[in-house]
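Student: Listed below, chain by chain, are the residues.
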Amino acid sequence: DAMVIQNPRYQVTQFGKPVTLSCSQTLNHNVMYWYQQKSSQAPKLLFHYYDKDFNNEADTPDNFQSRRPNTSFCFLDIRSPGLGDAAMYLCATSRDTGAFYEQYFGPGTRLTVT
Amino acid sequence: SQQGEEDPQALSIQEGENATMNCSYKTSINNLQWYRQNSGRGLVHLILIRSNEREKHSGRLRVTLDTSKKSSSLLITASRAADTASYFCATDETGANSKLTFGKGITLSVRP
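Those protein sequences? They're chains A and B, same order as listed. Numbers given in our numbering equal positions in the first sequence, counted from 1, plus 475. Numbers given in our numbering equal positions in the second sequence, counted from 1, plus 270.
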């Protein structure tokens, strides 16, 4: 089945220690998104790629970066995680960024910062 | 910034009852989407309604959209325990480059 896969499902890192979360998709979608979701809150868009074009949200901290080496994979790098970065990180894809495309989400990676 | 606001924040019903959840938003939209999220999982797309549509059905789901009131409702009929989840509305604001903005969500509990 075509899907969005996130690894690992649970990640524990130390304060200040860089961490990378990965996302892959078999849907061959042009767009890949990264969201941060804290407990009982709305998913918050960090950035997205349309093909190789990177689109950062204005309020995404510089601590968060992303790479998309090919259509299938996208990575979220947190350079120096703080306690406030503990959250669920959701990867999503969509066929295009036109107005009427639904997004397909992976299961998420829950990040704990100790 | 948060666009959608769901109401109520939490809803508990008995299996077999209908569940109605509401979403209000602030600006003009291209479409409104509803997603479901089971505990600790990713979101699953349920239904998309375009700004020129008033009502849409999908199985046990019925979505309405009132652009004059900037509101939408999601009705789940004949609820099941498996419908227990959080439900989010997400809006695609006009001119926002198709970015989806999610509300905080409604927690639905369906008691067996």
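No lab work stands behind these hints: they were computed from the structure. Quantities reported herein were computed from a predicted structural model and do not represent experimental measurements. In this text, a Cβ means the ideal position worked out from N, Cα and C, and glycines have one as well. You may find that some hints are simply not true.
Said to hold, decoys possible - Here are some chain A residues pointing at chain B (derived, C-beta under 10 Å):
no. : residue
1   : 479
2   : 482
3   : 518
Student: For the hint on residue 482(A), does the least C-beta distance to chain B fall short of 10 Å?
Tutor: Status violated, d = 13 Å.
Student: Quick check on the hint: residue 518(A) CB to chain B CB, less than 10 Å?
Tutor: Since the shortest Cβ distance to chain B is 5 Å, the answer is holds.
Student: Under 10 Å, Cβ to Cβ, is where residue 479(A) needs to be relative to chain B, so tell me if that hint holds or is violated.
Tutor: 7 Å, holds
Going through the hint list in order, the structure does not satisfy hint 2, though it satisfies all others.
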